[in-house]
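One line per chain: the protein sequences are A, B and C, in this order. To convert, note that position 129 of the first sequence is 129 in the numbering used here; the numbers rise steadily by one, no gaps. Position in the second sequence (first residue = 1) + 1000 = the numbering used here. Position in the third sequence (first residue = 1) + 2000 = the numbering used here.
If you are wondering where the hints come from, they were derived from the structure by calculation, not from laboratory data. Do not rely on the hints blindly, as some may be mistaken.
[As the list claims (entries may be wrong)] Ranges between beta-carbon positions, derived for each pair: (1) B/1279 - A/153: 19 to 27 Å; (2) A/22 - B/1068: 45 to 53 Å; (3) A/16 - B/1121: 27 to 35 Å; (4) C/2179 - A/114: 31 to 39 Å; (5) A/22 - B/1119: 19 to 27 Å.
[What the hints assert, rightly or not] Derived pair list, reagent style DSS-like, types lysine-lysine, alpha-carbon separation capped at 30 Å: (6) A/50 - B/1152; (7) C/2167 - C/2223; (8) A/61 - B/1152; (9) A/79 - A/50; (10) C/2128 - C/2145; (11) C/2223 - C/2171.
[To be verified] Negatives, chain B to chain A, calculated, CB over 12 Å: (12) 1071; (13) 1192; (14) 1218.
Where is the CB? At the ideal position from N, CA and C, for every residue including glycine.
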Amino acid sequence: MSSDTNRWEIGSLRLAPARRRADTRMRLIFSAAAVATLAISILIIYTLVKDAWGFFIDVPKGDLWNIGWFPRRGIFDIKTLILGTLMVTGIAMLIAVPLGLGVAIYLSEFAAPRVRRVLKPIIEVLAGIPSVVLGYFAISFINPNIITALVGGSNKAFNVAAAGVAVGILTIPIIASVSEDALRAVPMALREASYGLGARRVSTTFRVVFPAAISGIVAALILGISRAIGETMVVAIAAGAVGGGLFSTDPFQPGQTMTAAMAALGFGSDQVAGSGLAFQSLFFIGFLLFVITLVLNMIGDRLVRKVREEY
Amino acid sequence: MSIATPDRFGAQSAASLTERLTGARRDVRGRIVEWILLSALGLSLLILVALVVNLVDRAWPVLDGRLGDFLSSGLDASNAAEAGVWQAIRGTLTLAIIVAIVAFPLGIACAIYLEEYAGQSRIARLIRINVRNLAGVPSIVYGILGLTIFVKFAGGLTGGRTVIAGGLTLATLVLPVVIITASEALRAVPQSIREGALGVGATKWEAVRSHVLPSAAPGILTGTVLALSRAAGEAAPLLLVGGITGLLRTGNQSIWQQITEGGFTSMPVAIFSYARQTGADFQAVTGAASLILLVLVIIINGLAIWLRNRFESRW
Amino acid sequence: MPELASALTPLRSSENSRKVNMTEAAETDQVPVFRTRGLAVYYGDFRAVRDVNLDVRGQEITAFIGPSGCGKSTVLRCFDRMNDLIPSARVEGSVEYHGINLYDKAVDAVEVRRRVGMVFQKPNPFPKSIYDNLAFGPRLNGIKKKNELDEIVESSLKRAALWDEVKDRLKASAMGLSGGQQQRLCIARCIAVEPDVILMDEPCSALDPIATARIEDLMQEIKRDFTIIIVTHNMQQAARVSDRTAFFTTEVNNESDRRTGVLVEFDLTQKMFSRPSDERTEAYVTGRFG
Ligand SMILES: Nc1ncnc2c1ncn2[C@@H]1O[C@H](COP(=O)(O)OP(=O)(O)OP(=O)(O)O)[C@@H](O)[C@H]1O
Ligand SMILES: [Mg+2]
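Using the sequences plus the hints, can you model the full thing?
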């Protein structure tokens, strides 16, 4: 073959231009798509910061710390929203942490593989329930049947507790799946070592496996909290629809979270025209929400990666 | 030698040794803990059952009496007996189509860049972190983005508060889901497949198109299906970009009007609107709409999970 | 004809000016298929192999032997620029292919790989039909007609001694073949694009002895048409199949505790295994080493 000396010129090692062009073109397209995702983040931050700053400059500072959240009347009490958010998230965690961790530990350490294969997808279905459906579940079932039974009827039809429970249900699958991954990432050898010393399953699980997976479990909790803080529709339906703007520490009264307040600015009662302080307040809360969830997600993400690197 | 004898651990006689060796059966503490864990699982499943039973129960007047009518009637906020969801179903389908057209190619292209081209470059790492963070941004924040960019800034192209702006907003929202799942699917394709193709003189793109993408297709498909189900269930961002909530009858526009003039709705937005009406008959309407959406989403998710499990262990 | 000058330029002054056995230097009038001078490959800061000076001749089988980690695969992957795919990898020195600088800007790695095929350690058929595995390469090069493709598939399979075993199930998935058959399929897949060189990186290490023997026979048959370079850990295999052998080993660096691969000796296989000139080679081939 190599007797044909004409073949061995540098030009013969050049690719057909059409194929080279196609390759370059696709590469450009793919990189452009990837860069577009960066553009999304930049746009989010830009839009939020621009109007949030405008709002912060314009708003009389006294109105940021007043009696409640009534944007159309120019009352922008941030602590009402933060309190509402904290209460909903807190109640949600009361539900989601024990249930989510229980599910994770059971599936990872106790369930037979066959049981696990059946149950895991069902828990994943829970993750897919649209939040409006859970919001409706909160007003049609959780509130009348559970909250009322709990406090004997002193609860309002729309209240923070019912919304919190529903948000908790929404958070169970996240906590369950992230912490299950963390538990299962613990090497079998560690469990065997523990059994080899005569430990029982329960002590192995809680003294050996659980501590080994702790950063992943913390990550699960953080990601769960972030998800709960970001949940909008459940609260908009079940807690903040009527009179949620008043500052109240009673979980059985209506309340307003940051997210639901934002939704309310976009429709119905609080719908505001395209300009003015009330409209800009949307961006201000949006910015706070973005920063809070971003920080939580980054910490959670870091911890999840740590688990992967360790094993 | 005390090490060899069991005495150190308190087994004095053969009887007590036997007792200790068979003690697992009476490990009370272990049993209790296992039961607690199992009940956490049971309770979670029970919630799912309660949710479905409650929905069916509430929705029964509608399901029993006028399901067909309900599916084909328009939105109505004044008369529950004539309220229906067909525009909402149509809206959700339109939104899903826009999401599929915009988010799938973009997301898959980004995943291909990250997995096949970028390697560990700094920009690639930045994009990866960025995508993971975008996945955690609350959906309502995407509503703000949609309002500012798709409704206002690009209002000339999208027509303002139209179904197109809504679809683009949802597409942005699910993009990280598509990218993350597609990346995982691509990563699962063994390196040897790429080497095999490059080794006989394929360009990168030829290797990706002919071998890597087909091998990753089931996983990518799973991700896109999951993204669709996420989009089908979202309401919050749509409230900010013009989903119709107030006077529901204004949501009766034709698809063409929805595209040019706005006034669109979707299943979750309609459910939200119905949930805000008072009275038992609207409760039934909300319940029925919720049940329909839930069934839809569970079917889509089930499909995705089935796809994933089916093709999980190919390598 | 490519410039003789570059072939005769003095060796890059190496840290230890070991005399590399230049196989019959008088024969340099015939341009070798590959010629490396002062070849060194880095993975990031780590120098995996250095000072490789080697002439690979056409229509011969060249074997690379040496202990694990001495850079055999690394050097092999320079010949079809597979190292381009590893972002941290960097090549220094020159690699000439028929007198053409392989790392010249004008040279396209994709076209190089068409001419310099590679067979990997683990058989890697595409998860497609046997036919599609074979037809993939030719299709890339613009062969679309069914009868032409059929002919290429058949002749490649025949040359890879696989035709009789698979001719009735060309449409069946290649994943259903045995390990040895898969490896011969990968060789056939290489042959189908009519390469000039076939690189094989431990092609038999995942196979049983019978399958190994078949691949070795196959190599003897196809060496008339192709230049073959094979990396192997099996010294008997190197002795059996190759015409020339290159022995690599690792040396401790002074500056770091990581080991860098070097080419110790390169000569006719017969000589390498009977009276090597370097004592490290002798230690290795007689099993006193690593
Ligand atoms: N992709 C890579 N990144 C970093 N270092 C690498 C990479 N590939 C190989 N190396 C290092 O380069 C050195 C040579 O590796 P190479 O695979 O070429 O050795 P080898 O002789 O083929 O070994 P073996 O016989 O085990 O296959 C080793 O120290 C190895 O750790
Ligand atoms: Mg090797």
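Pairwise beta carbon distance, residue 22 of chain A to residue 1119 of chain B, judged against the given window 19 to 27 Å
21 Å, holds
Minimum Cβ-Cβ distance from residue 1192 of chain B to chain A exceeds 12 Å
The assertion about residue 1192 of chain B holds, with a minimum of 21 Å to chain A.
Please check whether residue 2179 of chain C and residue 114 of chain A have a Cβ separation lying inside 31 to 39 Å.
The hint (31 to 39 Å, Cβ to Cβ) holds, given that residue 2179 of chain C and residue 114 of chain A are roughly 32 Å apart.
Starting from residue 79 of chain A, check that the Cα of residue 50 of chain A is at most 30 Å away, please.
Given pair residue 79 of chain A, residue 50 of chain A holds - Cα atoms ~22 Å apart, limit 30 Å.
Taking 12 Å as the cut and beta carbons as the points, is residue 1218 of chain B off the interface with chain A?
Non-interface label stands for residue 1218 of chain B: nearest chain A Cβ at 16 Å, farther than 12 Å.
Hint check for residue 1121 of chain B and residue 16 of chain A - Cβ pair distance inside 27 to 35 Å:
28 Å, holds
Is residue 2167 of chain C within 30 Å of residue 2223 of chain C, Cα to Cα?
24 Å, holds
Straight-line alpha-carbon gap residue 50 of chain A to residue 1152 of chain B, limit 30 Å:
15 Å, holds
Between residue 2128 of chain C and residue 2145 of chain C, is the straight-line Cα distance small enough, at 30 Å or below?
20 Å, holds
19 to 27 Å was suggested as the range; check whether the CB atoms of residue 1279 of chain B and residue 153 of chain A agree with it.
Since residue 1279 of chain B and residue 153 of chain A have Cβ atoms about 21 Å apart, the given range 19 to 27 Å holds.
30 Å Cα cutoff - pair residue 2223 of chain C, residue 2171 of chain C:
29 Å, holds
So the hint says 45 to 53 Å: do the beta-carbon atoms of residue 22 of chain A and residue 1068 of chain B match that?
Between residue 22 of chain A and residue 1068 of chain B, where Cβ atoms are some 52 Å apart, the hint holds.
In terms of the numbered hints stated before, the structure departs from none.
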